[in-house]
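Same order as they appear, the protein sequences are chains P and B.
Using this note's numbering, the letters of the first sequence correspond one by one to residues 1 to 185.
Using this note's numbering, the letters of the second sequence correspond one by one to residues 1 to 110.
The set of hints was computed from the structure by calculation and includes no laboratory data.
Hints may contain errors.
[Stated by the list, open to error] Below 20 Å or equal to it, Euclidean Cα-Cα: the simulated PhoX-like pairs (lysine-lysine) are:
| no. | chain 1 | residue 1 | chain 2 | residue 2 |
| --- | --- | --- | --- | --- |
| 1 | P | LYS32 | P | LYS11 |
| 2 | P | LYS29 | B | LYS39 |
| 3 | B | LYS78 | P | LYS32 |
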Amino acid sequence: MDARLEKYLDKVDRYLRPLPTSERVDIVKEIKGSMLEMENESLAVEDILERLGNPKELAMAYLGDLLTRKQGFSWNRLLLVCAFYGLTGFSGMIVIPVLGIIAPTFIFCGAVSPVAGLVKYVSSLFGYDMPYVMFQLGDFTLSPGAGFIWSIVVGAALVFLGKGSWELLLRYIRAVSRTKRNLSI
Amino acid sequence: MNLDKWKSQIARGTLEYCILLMLSQKTCYGYEVLQELGKHPMIASTESTVYPLLRRLQKEGFLQSVWRDSAEGLPPRKYYSLTPAGEEYVKCMSKEWDSLLEAVSCLRGE
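Work the whole structure out from these sequences, hints included.
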């Protein structure tokens, strides 16, 4: 298909943004079908575009009902929008940086922990007591062998936590953008 | 003269009825509807009027649609047909149309 026609469809799709994705896809598919039928009748691209008219007007014809339904100013809507931005503004200030730092740090530590355990264990096999790496809880110190196993358990737990926080972060961002899309003045 | 404006107003007012009549004869895809309308200069229309209208009629429950693949080299087509509610709607419209024609012919002194 001609690049100009693709571009036209892109524009229509963009103007249809207030509609749900499934509906948009359906509309664009139908218009594209019309273009291909016309191409089959060997109409020139210019003629096809002229017949379809301005992409914005075409999209607006679909949105017509929607716009008139949503027109008019309402205090409730304004309050809702203020509440939304207030809430996401404040929660985002804490949630995004905290999770954004926690997630990679946990994953990194989770990966390093078994490596350190392994290094300690292997060096102890050669009769060398590696400084810097130790497994200590108060007065209690684990032997290098038990420490190695423990380091794997801790590492796995940390990676799990890190991944969990990353997933949470993504969910938070998605939820915010979804809500924002449904909420326009 | 304002004849063109008047003509387009009539076309706009009757387009819905015309499309429903066409679909009550047979199932059509969107582009086919356009072509059929194009045979009559008075109601010839483009995508930007007909497609949104078809969509609205479907939303209101007068039409149903289904996507079907067509022969190779042709795009998939969305076929529209009347629902029972749509058929009822056309019947009522036809009745109104008859009374309009009656009124016009009466005013013409026929």
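List, from low to high, the hint numbers that the structure doesn't satisfy. 2
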